[in-house]
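Student: Sequence:
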Amino acid sequence: KRLMDTGQRPGKIVAQSIEQLQDLLNGLNMVRGSAESGAEPLPEVAALDANAPWLRWLAEDRSDLIKQALRQHIIKQGLGSTVEDLVAPLCVYVGEAWLRGELSVYQEHLFSATLQQVLREAIASVEASSPTLGQHPRVLLATTPGEYHSLGLLMAECYLALESCARFELGSSTPVVEILQAIEHMKIDVLALSFSAYASRNDVISSLQQLIDGVPAGVEIWAGGSATALQSRSVPEGITVISRARDVAAHVNDWRTRHSDETQPTSR
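Numbered by the numbering used here, the letters in the sequence shown go through residues 3 to 270 in order.
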């Protein structure tokens, strides 16, 4: 079940022995590691807060304690720092524990739902206190067909919110034709995509090629996540690969610098 949830085809795995299945799980962990090796090493969660037993809280279904710890970190350290220094490594930590069988599927899903709730609360708080909302670039967030992991997009959205960008979410596993239609109808400036470590290389490259071929002139595509395909030379020309969520802010500022004449209000 854990292998199928990572996108493995049933026909490939159902006839294999327990030992072979475990080898596949171990191989997926290696894929995650190799995908992360091209970026700066992630901090150890235990080093951030030795008194926060995340796995025990999950095993005991204490999502209330997880929410409390995350909210306190946001209050003390800010949303951006929390995403970079806590949420990103914590997602890896929990995902690997799930692959090892230390957490059940529902517990991993509960963690994801809890994390989404806390981060969306934080985004709403940022918007409530921001003097400017809905600024350019107008960003569409989505994942392509077969990609159901959307936490990476949510982490990127946190930084987009801090930069007061106008954001529109299509959610996970959206058909390419629908993404292209939304871009055109909603006057989107940037399409933001996320690909997990389990994404098929061929699927990633194929989706990116279809999108770069189909987007209107001037629309940029930013792709992030831990998919190994994003580190290859096969990424189509014109795709901007973002290695870490915190880099979103720099890309937004760069976009605004390059389009400053277009985004200035008209004098009356």
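Each hint should be verified, as a subset may be incorrect.
What the hints assert, rightly or not - The following label-pair restraints were derived from C-beta to C-beta distances:
1. 80 to 258: 13 to 23 Å
2. 104 to 14: 23 to 33 Å
3. 262 to 132: 36 to 46 Å
4. 258 to 122: 47 to 57 Å
5. 259 to 17: 33 to 43 Å
6. 17 to 204: 17 to 27 Å
7. 106 to 219: 44 to 54 Å
8. 203 to 127: 18 to 28 Å
9. 245 to 115: 43 to 53 Å
In case anyone wonders, no lab produced these hints; they're calculated from the structure.
Keep in mind it's a predicted model, so treat the numbers as computed, not measured.
All residues carry an ideal CB built from backbone N, CA and C; glycine is no exception.
Student: Would you mind marking each hint as holding or not holding in the structure?
Tutor: Cross-check of the supplied hints:
1. The hinted window of 13 to 23 Å between residue 80 and residue 258 holds, with their beta carbons roughly 21 Å apart.
2. Between residue 104 and residue 14 the beta carbons are some 24 Å apart, a value that agrees with the proposed interval 23 to 33 Å.
3. Under the hint 36 to 46 Å, the C-beta atoms of residue 262 and residue 132, about 20 Å apart, miss the expected range.
4. In this structure, residue 258 and residue 122 break the distance hint of 47 to 57 Å, their C-beta atoms being roughly 25 Å apart.
5. Taken as a hint, the range 33 to 43 Å is violated for the pair residue 259 and residue 17, whose Cβ atoms sit roughly 56 Å apart.
6. Separated by about 24 Å at the C-beta atoms, residue 17 and residue 204 satisfy the suggested range of 17 to 27 Å.
7. At roughly 48 Å, the beta carbons of residue 106 and residue 219 sit within the given window of 44 to 54 Å.
8. For residue 203 paired with residue 127, a C-beta distance near 38 Å fails the hint of 18 to 28 Å.
9. With their beta carbons about 27 Å apart, residue 245 and residue 115 fall outside the hinted range of 43 to 53 Å.
In this structure, the hints that do not hold are numbers 3, 4, 5, 8, 9, in rising order.
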